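Taking numbering that gives the first Met the number 0 as reference, the numbering of the sequence shown is continuous, increasing by one, and the terminal residue is 248.
Calculated from the structure, these hints are not laboratory results. A quick note: this is a predicted structure, and the numbers were derived from the prediction, not measured. It is possible that some hints are incorrect.
Derived lysine-lysine pairs resembling DSS-like cross-links, with alpha carbons at most 27 Å apart [claimed, not checked]:
1) K245 to K170
2) K145 to K29
3) K38 to K170
4) K105 to K38
5) K38 to K106
6) K170 to K105
7) K106 to K170
8) K145 to K210
Distance windows between CB atoms, simulated [to be verified]:
9) A212 to I147: 26 to 36 Å
10) V18 to P236: 19 to 29 Å
11) L111 to L2: 37 to 47 Å
12) K245 to I73: 52 to 62 Å
13) L124 to Q173: 36 to 46 Å
14) T144 to K245: 46 to 56 Å
15) L2 to P102: 47 to 57 Å
16) I213 to T144: 41 to 51 Å
Note that CB positions come from ideal geometry on N, CA and C, so glycine has one too.
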Amino acid sequence: MGLEQLSQLELLQYVLIIVFVGIALASGVKIIIRYFKYKVRILLTFGLTWIFLSSAWWGSAIIFFLILSNLPLIYEFDLLIEHVFLPVGLILWTYSFCEVSYPHLKKTLLPLIIILGTLYEVLLLYFLLTDPAVIGRQTGEYETTKTIFTQSFTAIILAVFIITGVIFSMKSLQTNDLRIVWKGRFLLVAFVSMAIGAVLNLIWDFNILPKNAITLVIIRIFLIVSSIFYYLGFHLPEGLARRLIKELK
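Produce the complete structure using the sequences and hints provided.
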C-alpha cells in the first residue's frame, strides 16, 4: 500500500495528525529545555506531561510513515505506543498540579493516581501479551480500533487532565501579576481546546460526525491550538508579553 491508495480525506487526516504531533512534541521539548536553563524541576514535568499525553495520537503518525515505507503494521505495537505513556503523563501532570497549586493534595491525590496508573499499565501489558483483542483489533492493513477498555481509560485520563488544567488556569487568573494572568489565559484556552478537540475526535471515531475535510480540519485545529497555547502558558515571549500587558492596561 502506498500514498496513491489513500483517499484525499485519509491523506489529509494523516498530514494533520503529523502536524499536531510535531507541534506537541516541539512544545514539550521547548518547555523541557527551559528546565535545563533555569533548573526549575516543575518545567521538566510540565514538558514531559504534554509529550506523553500527545502519545494518544503517535500511532496514527507512525502508521503514515509505515505506509510511505510500505512496511507492515504490527498492530500490538500500535496499541502499545498509543496507550503505554498516557498514565505516565497523567502522573506527571498530577504531580505538577499539586506541586504548584495544591501541595496538600500530594499525599492523597497523587498516590491515588499512581495506583490507578500502575494498575492500568499492568493490565495493558498483560492483555497485550496474552489477549490483545481486549485492548484493540486490527480492522485493516493499516487500521486498528480500540475497545471500550482502552477508550474509557483514555477518556478518564483526558478528563482528569482537562478538569485539573482548567482549575490550574483559573487560579493563575487570580493573581495581580499581569504576566501570570496572560499565561493563565493561554493555558485555559489550551485545556478547553484540548477538551473540544478530544471530544470531537471521539465522536468522529464513532462515525457520529460527518467524515469530511471540513470536520477533520476543525478537529485538528482545536488540537493544534491546544499545543501552541500550552507552550505559551509556560513560556510567554518577552515581546508578546509586553504588548499584551500594555493593551490590558
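Task: Pairwise beta carbon distance, V18 to P236, judged against the given window 19 to 29 Å - done: The hinted range 19 to 29 Å holds for V18 and P236, with Cβ atoms some 21 Å apart.
Task: Supplied distance hint 41 to 51 Å, evaluated on CB atoms of I213 and T144 - done: Taking Cβ atoms as reference, I213 and T144 lie about 24 Å apart, which means the hint is violated.
TODO: Given the hint that K145 pairs with K29, test it: the Cα-Cα distance must not exceed 27 Å.
DONE: violated, 31 Å
- [ ] State, for the Cβ atoms of A212 and I147, whether the hinted interval 26 to 36 Å holds or is violated.
- [x] At 29 Å between Cβs, range holds.
TODO: Mind checking the alpha carbons of K105 and K38 for me, to see if they're no more than 27 Å apart?
DONE: holds, 22 Å
Open item on the list: Assuming the hint says 47 to 57 Å, is it satisfied by the Cβ distance from L2 to P102 or not?
Closed with: Given range 47 to 57 Å: holds, Cβ gap about 51 Å.
TODO: Verify the proposed pairing of K38 with K170, using a straight-line Cα cut of 27 Å.
DONE: holds, 24 Å
Task: Satisfaction of the hinted span 52 to 62 Å by the C-beta atoms belonging to K245 and I73 - done: holds, 54 Å
TODO: Compare the distance between the alpha carbons of K38 and K106 with 27 Å, and conclude whether the hinted pair is satisfied.
DONE: holds, 25 Å
Task: Satisfaction of hint between K210 and K145, Cα-Cα up to 27 Å - done: holds, 18 Å
Open item on the list: Against the 27 Å threshold, does the CA-CA distance of K245 and K170 hold or violate the hint?
Closed with: holds, 22 Å
- [ ] Starting from the range 36 to 46 Å, see whether the pair L124 and Q173 falls in it by beta-carbon distance.
- [x] holds, 42 Å
When the structure is compared with the earlier hints, violations turn up for hints 2, 16 and for no others.
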